[in-house]
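With the hints as constraints, model all of the structure from the sequences given.
Top to bottom, those sequences are chains A and B.
1 is the number of the first residue of the first sequence in my numbering; add one for each residue after it.
291 is the number of the first residue of the second sequence in my numbering; add one for each residue after it.
Among the clues, some could well be false.
Computed cross-link-like contacts, DSSO-like style, restricted to lysine-lysine with a CA-CA straight-line distance of at most 27 angstroms [claimed, not checked]: (1) B:Lys437 x A:Lys139; (2) A:Lys139 x B:Lys607; (3) B:Lys572 x B:Lys533; (4) A:Lys123 x B:Lys456; (5) B:Lys537 x A:Lys139; (6) B:Lys456 x A:Lys139; (7) B:Lys382 x B:Lys393; (8) B:Lys360 x B:Lys439; (9) B:Lys607 x B:Lys498; (10) B:Lys537 x B:Lys439.
Partner residues aside, some chain A positions facing chain B, computed with beta carbon under 7 angstroms [said to hold, decoys possible]: (11) Gly132; (12) Phe156; (13) Met158.
Because the hints were derived from the structure by calculation, they are not lab data.
No residue lacks a Cβ here, since even glycine has one placed at the ideal position from N, Cα and C.
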Amino acid sequence: MSGAGSTHAAERRLSQLITVLAFAMPVVFVLVPLAIFLVYSFFSVDQGTIVHAPTLGNYVRFFTDPIFLPVFWNTIVLCVSVAVICILLAYPAAYFLTTLKGRWRYALLMLLLVPLLMSYVIKIYAIRSILGLNGFLNKALVALGILDQPSTLFVFNMNAILLTLSLLLIPFAILPIFLSLERIPQTLLRASDDLGASGLQTFLRITLPLSLPGVASAASFVFVLAIGDFLTPQMVGGISGFTFGRILYSQFGTAYNWPFGAALSVALAIVVIAAILIGERFGRSRGTSV
Amino acid sequence: MGLKKAFLRLATIGLGIGLMTSAALAANLRVLAWDGYADPDWVKDFTAATGIGVDVVFIGSDDEIWAKIKGSEGQDFDVFAVNTAQLQRYIKADLVSPIDITKLPNQKEVLPRFRDLSQVSGDTKDGKVYGIPFCFDSIGLIYDTDKVKPAPTSMSVLWDPAYKGKILAYDNGEHNFSFTALTLGYKDPFNLDAEQMAAVKAKLVELKRNVLSFYTTADEAQQIYQNNDVALIWANYGQQQVKALQKIGAHVAYVNPSEGALAWLDNWVISKGVRDNAAAEKWIDFMLSKKIGGELSERTGFGNTVVESSSAGGNDKLVWLNNVEDPLKRSDLWNEVKATP
Chain A
1 MSGAGSTHAA ERRLSQLITV LAFAMPVVFV LVPLAIFLVY SFFSVDQGTI VHAPTLGNYV
61 RFFTDPIFLP VFWNTIVLCV SVAVICILLA YPAAYFLTTL KGRWRYALLM LLLVPLLMSY
121 VIKIYAIRSI LGLNGFLNKA LVALGILDQP STLFVFNMNA ILLTLSLLLI PFAILPIFLS
181 LERIPQTLLR ASDDLGASGL QTFLRITLPL SLPGVASAAS FVFVLAIGDF LTPQMVGGIS
241 GFTFGRILYS QFGTAYNWPF GAALSVALAI VVIAAILIGE RFGRSRGTSV
Chain B
291 MGLKKAFLRL ATIGLGIGLM TSAALAANLR VLAWDGYADP DWVKDFTAAT GIGVDVVFIG
351 SDDEIWAKIK GSEGQDFDVF AVNTAQLQRY IKADLVSPID ITKLPNQKEV LPRFRDLSQV
411 SGDTKDGKVY GIPFCFDSIG LIYDTDKVKP APTSMSVLWD PAYKGKILAY DNGEHNFSFT
471 ALTLGYKDPF NLDAEQMAAV KAKLVELKRN VLSFYTTADE AQQIYQNNDV ALIWANYGQQ
531 QVKALQKIGA HVAYVNPSEG ALAWLDNWVI SKGVRDNAAA EKWIDFMLSK KIGGELSERT
591 GFGNTVVESS SAGGNDKLVW LNNVEDPLKR SDLWNEVKAT P
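Here is the structure:
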């Protein structure tokens, strides 16, 4: 009797411990670091050492200095474009996947996701040698007679960043769209067909609206990943592709201005959180109406 | 009986070894150096020649040297290697001892530019010598010999519109402000006043418009060179970068610009906590021998201070890197340069 009671108590303690751990993990590894960098954003730097006195100086500088807001805005536009390109390319791919039967569908999906297993830096290197003036793309276009001479259109500029980011992030767009398309009940499509709707009508009135939650989360995924990236712009952006991520990175790498870097991160975090919330909101309102 | 004897002998040998190592440890010279500055064969030769044992610890960054020396207030090492830009910081913190160069006969035989140490900025303070130059490399200009004719002599070629979009520059505000200041003819590129800073910034915006991209690693520059039409590279990695490019078959050559090339210079210094000053002096003198100088350049590709090497010709003007007036300011301005459309 008492023995059974103590094992019960021990089990309860264990489950309490697990609960505490489960809550402690996100607190320790997510909330505390976030709080620390929020606090840092109110410090300043003097002669290479951090001054621990609260100031709004970093935020004032962000909003008043003529270089930060334009770069910030351009970066947002760039990342929205990346998201749009990814969606436009990923949607047909995902739709095609759902038309496949059985094993083929998942085999092909896996193939599309294989690039995610590769190192991100290696992919950028590879893409860069494809995009160069003597790179594969230019050589192919010249050989095919499409261009007379190699073009600098995709060499070390914003276009190169746009293309590289889109290529890197497409798998992240395919997956959520595929999942939402797959979740659409076949009965709805058959009912639409029975009622005399054409294939296009069925797609526009049933498939597309029901897949929008997937599109919304794909877009917010891609946007968030793109805006946090500094390596791609650094490596393929050249002189005109200067993005917010590069400014942010320089505050930690070469400038040793952690407080200002933290303030810039806060600005970035706000945009990222907004993007996630928007994606979430679209995803849910459409999803629950089914 | 035989077993007992064997045990006894073993114990004696063990004791002997123990005594020997502890004696050796007590007298060994403790050296802190970059990889390539104290190769095993040199250490062996040094011990054979002087009878002084050596313990070498290798380091990987300037910060690591500072942490090791400052952490023990110089007590853990006798001799270490540090560059001229860093050395003043050690002198200020009283972590290094002045060196009596009359104890270094080989110092009289070094290349002319290193003979008068009062002329090597950063090596002396208040008339006392603290650093003995050992290894250096310049940050010159790599040019493609097929595309750039005649051979350039000045960094101003980087602004030449003929090479627009064919130039690789380095992504670092500090160095870029310094070399552009030299190109504009300013005396002290490491201490710019507000007016000079503005002029250099405007000049860098012009440079940016002539450049294909800014690189950060030597590998990266090499890859961009292979896939694009590149004529000129601002060679942050100096000789190593040239040699790597030549190895892949690129037709490139290297030049130190006439207005002066930035260059780093590593020195041997004696720490405050040195146990045997004479042994430390012997080590430095040994490192200044012609044999080691030649081998250093052969193995690392860097310049040595004793025999001529490809890092710099005898008449090339070199400007030893120094701490800049305000690294934060330069980094901010560099971001502004990059953000300028």
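Legend entry - Violations among the numbered hints: Violated hints (numbers, rising): 2, 3, 8 and 13; every other hint is consistent with the structure.
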